[in-house]
Structures are given as structure tokens and as C-alpha cells.
Amino acid sequence: MSDHNIESHIKVYWNVFFTLLAFTALTVAVSYYDFGSIFWTLFVGLGIASIKGYLVSAYFMHLNSERKAIYYLLLLATLCLIVLMVIPMAWSASASSPNEGYAPYVQEDDDRGYVDKDYYHPSNEGH
Amino acid sequence: MDIDIPYNVKEREDTGLYNAKLGIWLFLASEIMLFGALFSTYIILRTGDTTWMTAVKGAHLNIPLATINTALLILSSVTFVMSWVSLKLKNLSGFKKYMGITLLCSVLFLVIKFFEYKAKFDVGHYPSTHNFYAVYFTMTGLHGIHIVGGIIVNAYLWLPGAKMWNTDPDRFTNRIEVAGLYWHFVDLVWIFLFPSIYLL
Chain A
1 MSDHNIESHI KVYWNVFFTL LAFTALTVAV SYYDFGSIFW TLFVGLGIAS
51 IKGYLVSAYF MHLNSERKAI YYLLLLATLC LIVLMVIPMA WSASASSPNE
101 GYAPYVQEDD DRGYVDKDYY HPSNEGH
Chain B
1 MDIDIPYNVK EREDTGLYNA KLGIWLFLAS EIMLFGALFS TYIILRTGDT
51 TWMTAVKGAH LNIPLATINT ALLILSSVTF VMSWVSLKLK NLSGFKKYMG
101 ITLLCSVLFL VIKFFEYKAK FDVGHYPSTH NFYAVYFTMT GLHGIHIVGG
151 IIVNAYLWLP GAKMWNTDPD RFTNRIEVAG LYWHFVDLVW IFLFPSIYLL
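Residue numbers (the working numbering), protein chains in the order written: chain A, 1 to 127; chain B, 1 to 200.
A hint or two may mislead.
[Claimed, not checked] Simulated restraints, written as ranges between beta carbons of each label pair: (1) Leu26/A / Met33/B: 39 to 49 Å; (2) Val111/B / Phe18/A: 32 to 42 Å; (3) Leu75/A / Glu11/B: 55 to 65 Å; (4) Met89/A / Leu61/B: 40 to 50 Å; (5) Tyr33/A / Leu92/B: 13 to 23 Å; (6) Leu104/B / Phe18/A: 11 to 21 Å.
[Claimed, not checked] 25 Å max Cα-Cα, derived BS3-like pairs, lysine-lysine: (7) Lys88/B / Lys68/A; (8) Lys97/B / Lys11/A; (9) Lys163/B / Lys11/A.
Since the hints were derived computationally from the structure, they do not count as laboratory data.
Glycine residues also receive a C-beta, built at the ideal position from the N, C-alpha and C atoms.
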């Protein structure tokens with residue numbers, strides 16, 4: 001990398017930094033906005049996080065110009081991650097009640113602002 | 001007898017990388033799996049629990065402090081890159097300055113985290129209180145341990161480890177690049193943790 005090249009890189013790094021700060025502010029701002037559905041709330045929230053993640057990995061971690069070995073390595077890790085995330089989620093989604101598969105959780109109202117008595121129900125017995 | 005470790009500056013022909021860089025990426029791939037498992041746990045526990053949002057509301061999470069922490073980590077990431085750039089420009093004092101700022105940001109992050117945890121403990125919110133707190137403390141705790149690990153390595157490279165600059169500057173520059181890749185990953189994890197736990 002020549003010195004001139006590095007100078008232009010420095011500018012990019014600081015631009016990425018300010019963009020990341022702006023996106024952080026945006027993430028907090030949109031969290032106060034009611035999108036009306038959980039899907040859009042998650043889509044916007046995680047969408048902004050993904051853009052920030054892209055900026056960090058592409059520019060700070062230099063993934064925009066990296067060797068093939070690393071791309072293959074990350075591809076493999078991501079594929080394994082997706083498979084391993086889908087298995088428990090599919091298993092959880094196929095459970096007949098939301099609680100199935102979890103130990104019954106009972107808690108008395110103790111001024112923490114919530115009561116969990118309703119969470120326990122007979123279908124959990126014997127699990 | 002001196003045995004030189006091969007490919008710590010020169011790139012290997014087959015991978016096109018110096019060994020430490022391949023090593024850190026292998027480690028980061030395993031870290032993706034580690035944090036991925038926890039994110040998966042989080043999603044399943046949350047979607048299966050009808051009391052989740054009530055617990056989150058009762059937690060009174062400190063969004064301003066968490067936002068400051070996010071900004072601190074982003075700043076520490078850019079100063080880390082700048083410390084590496086300084087070495088590329090043969091400027092050791094620039095490296096010291098930027099790495100110093102990185103370390104300062106990392107320590108401030110932990111101080112803020114300490115006060116956040118303390119506020120939870122003071123009102124009797126522990127990991128055993130509700131699955132939300134179990135997830136909150138496990139994920140932010142594991143992330144915090146990564147910050148501590150980073151601080152130890154970065155502080156070493158900042159002070160005693162920097163001696164290598166006099167004997168083997170290219171190798172030292174590579175060490176900073178590799179430590180930086182780890183640090184940016186820790187920043188990356190927080191970028192997803194912050195909205196997932198505090199905002200959504």
C-alpha cells in the first residue's frame with residue numbers, strides 16, 4: 001500500500017465511523033416509533049444493525065478486499081450457523097404449546113412489576 | 001537453537017495469507033458459532049415466553065448508557081484501525097496515541113457496564129429472576145469477557161509488546177492487524193446485541 005493510498009483509506013475509515021454513529025442514532029430513534037407490527041420493528045431494527053455490521057466487516061476488517069481462503073472459511077461458518085439455528089427453531093415451532101419443552105416457570109408477584117403465575121399451566125406437568 | 005516461525009510476515013503460497021491472519025479468522029469463525037448459539041437461544045426463549053415483554057419493561061434497561069457504550073466501541077474500532085495505519089506509515093507515536101484511545105474507550109465501556117449491572121442487582125434483578133435476565137446477563141457478560149480479553153492483549157501490545165517494533169516492525173504491524181480483527185468482531189457482536197436486547 002503506497003502512502004497516497006493510505007491517506008485515502010484514512011478518509012474512508014473516518015467516514016465509516018461517522019456513518020456508524022449516525023446509524024446508531026437512527027437505531028435508537030426508530031425504536032421509539034411504532035411500526036404497528038413486530039415484523040417491521042424487527043426488519044428495521046435488525047436491518048440497520050446489518051448495514052452497520054457490513055460497514056465494520058467490509059471496511060474495518062477489510063473483508064471488501066480479502067483472500068479467497070477467508071471467504072470460503074466464513075461461508076462455511078455461516079452455513080453451519082444457519083443449519084444449527086434452523087434445527088432448534090423448527091423443533092421449537094413444532095411444539096404444540098408455547099411452553100412445551102421448557103421447565104415450568106412460576107414466580108409470585110414480588111413487586112418487580114410482573115406476575116408470572118399465568119405462565120404455569122397443567123399441560124406442563126409431567127414434562 | 002533458534003527456530004523461526006514461518007509465515008508470520010510472508011504470505012503462504014496456498015492460502016495467500018500470513019499464518020496469524022488465517023488463525024484469527026478460524027478463531028472468529030468459531031466465535032460466530034458461539035454467539036450464534038446464544039442468539040438462537042435468545043430467539044427461542046423469547047418467542048416461547050408470553051411474559052417476556054413484561055419482564056423487559058420491568059427491567060428498565062438504560063438505553064442512553066447502552067447508546068454511549070455503542071458509540072465508545074465504534075470509536076475504539078476506528079482508533080484501532082488508525083493505530084494499524086500509523087504503523088503502516090512507520091509512525092510509532094501515532095500508534096501509541098490511537099491504541100491509548102482504544103484502551104481508554106474499552107475501559108470506559110466496562111465501567112458503564114459495571115454501573116448497569118449494579119443497577120440491576122440493587123433492585124434484585126439476577127439471572128435467576130426471569131429468562132430475560134438469564135439471556136441479558138449471559139450475552140452481555142460473555143461479550144464483556146471478550147472486552148476484558150481484548151484489553152489484556154491490546155494493553156500488552158501497547159506497552160511491553162511494542163518492543164517488537166524495533167526488531168521486527170512488519171511482524172508487529174501484523175500482530176496489530178490480527179488483534180484489530182478480533183476487536184472489530186467484538187464491536188460487531190455489540191452492534192447486534194444492542195438493538196436485540198435493549199431496543200427490540
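To see whether the hints hold, each was checked on the structure:
no.	hint	in the structure
1	Leu26/A / Met33/B: 39 to 49 Å	30 Å, violated
2	Val111/B / Phe18/A: 32 to 42 Å	25 Å, violated
3	Leu75/A / Glu11/B: 55 to 65 Å	21 Å, violated
4	Met89/A / Leu61/B: 40 to 50 Å	25 Å, violated
5	Tyr33/A / Leu92/B: 13 to 23 Å	47 Å, violated
6	Leu104/B / Phe18/A: 11 to 21 Å	20 Å, holds
7	Lys88/B / Lys68/A	23 Å, holds
8	Lys97/B / Lys11/A	18 Å, holds
9	Lys163/B / Lys11/A	29 Å, violated
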